[in-house]
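Starting from the known structure of chain A, arrange chain B on it as the hints suggest.
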Amino acid sequence: MPLAKRIIPCLDVTAGRVVKGVNFVGLRDAGDPVEIAKKYNDQGADELTFLDITASSDNRDLILHVIEAVASQVFIPLTVGGGVREVADVRRLLNAGADKVSINTTAVTNPDVVRDAASHFGSQAIVVAIDAKAVNADNSRWEIFTHGGRRATGLDAVEWALKMQDYGAGEILLTSMDRDGTKIGFNLPLTRAISDAVSIPVIASGGVGNLQHLVDGVTQGHADAVLAASIFHFGEYTVREAKEAMRAAGIEVRL
Amino acid sequence: MKIAIVDYGMGNLHSVVKSMQLVAEDHAEVVLTADAATIDAADKVVFPGQGAMPDCMAHLQESGLIASVRQAAAEKPFLGICVGAQLMFERSAEGPTEALGIFRGEVVRFPAAQMVDAHGQRLKVPHMGWNEMFIRREHPLWQGIPDGERFYFVHSYHFAPQDDIAVIESAYPYRFAAAVAQDNIFAIQCHPEKSSTPGLQLLKNFVHWNGQC
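So the protein sequences, as listed, match chains A and B. If you read the first sequence in numbering that gives the first Met the number 0, its first letter stands for residue 0, the second for the next number, and so on. If you read the second sequence in numbering that gives the first Met the number 0, its first letter stands for residue 0, the second for the next number, and so on.
The shape of chain A in the complex, shown without the other chains (with noise of 0.2 Å):
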């Protein structure tokens, strides 16, 4: 198949810095965003994706001085999310420069802010994040998590993803909650269940260790993108690695 499986580098913003840390905490600097964004669109990232880890409101317009500088510079699909609430927030990022705005907590309180916006952005411009984890010991039932995976919705992970397409999302983020930052692998029967559900897209993210984490997210997930943050960030991997290692197990990658 021509098209190729995307990798996606994510980076976690506030301040104005990428930071990474495990499990939401333990914060650490990974450097300027559009020295990182350059970086790896000249390894090949396939996309990037900005997650504004921003927590108190006041400086939520940094992040609009990081998507414009990096949209001057990097010409590759950038998506952004983390803090969107409503319309306007969407309208704010795509001016900036942003390609597609994920929405994720606001798309559990407000799924109307999610047909809003592909109404009047197209739905190529809209991402809808979800957080989903395991509800039963085997791994079979997943719901999803809010506020950063603290708060249970009771909403089956699924029929949500359904609705979203519904609703009018272009695509899908799927983190598996309860693997983000533990480099043990996506969930894999989760990934799988959400890709096979629904006709967009699916990045699948939460839990990548090593390559042949990203391999299995596309070959066992049926994921149609994977995205990563610390592996790329610490440098123990280039995003030309760990596409020639999708190659090496036969997904059709950019190179």
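These are computed hints drawn from the structure, not numbers from a lab.
Below are the DSS-like pairs computed for lysine-lysine, each with C-alpha atoms no more than 30 Å apart in a straight line:
id, chain 1, residue 1, chain 2, residue 2
1, B, Lys17, A, Lys38
2, A, Lys37, B, Lys17
3, A, Lys37, B, Lys1
Keep in mind it's a predicted model, so treat the numbers as computed, not measured.
Frame of chain A, contents of chain B only:
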């Protein structure tokens, strides 16, 4: 030299502007404009578009820029991108709106029944990501871009030209026209402004193009 990027209120033009400015260097002044006189005075015109095609056509009508866009398409080096390229055709399956009809043919949706790859796995729609571009006919805008190079796509509809105007084809899973060209017009379905080095090469070629095939 002046290159006008037409702003009729559809979509995010930040990347189109920034990428054109980057490749134009000091060869051309790149302006984003919603002003008919500015488009009329420009030497070259870029016509982007995002979202649903009927919405784009409605916005274009409201903008009062149709005459200027038609005039530019008739005589200047003209680059249609994504829905801007789709608007060059007669109509789209996305809605009943008449488009510009500069090229004969329609814009059709990827048919659900055919969206299966060689291994029997279902293909997602939208067609989103980096796909190969196969040269069907040499064109000055493709100079320096290897056959089979990948560009970034995001679309659920593609053009089905009635005439033999395809210059670049892609496949998902069947071959479709990814770029068409005739005389001074080049219209491309994917996003050169988001396609890294090869995309910038295409835009750079446009800056230096005299409008002849």
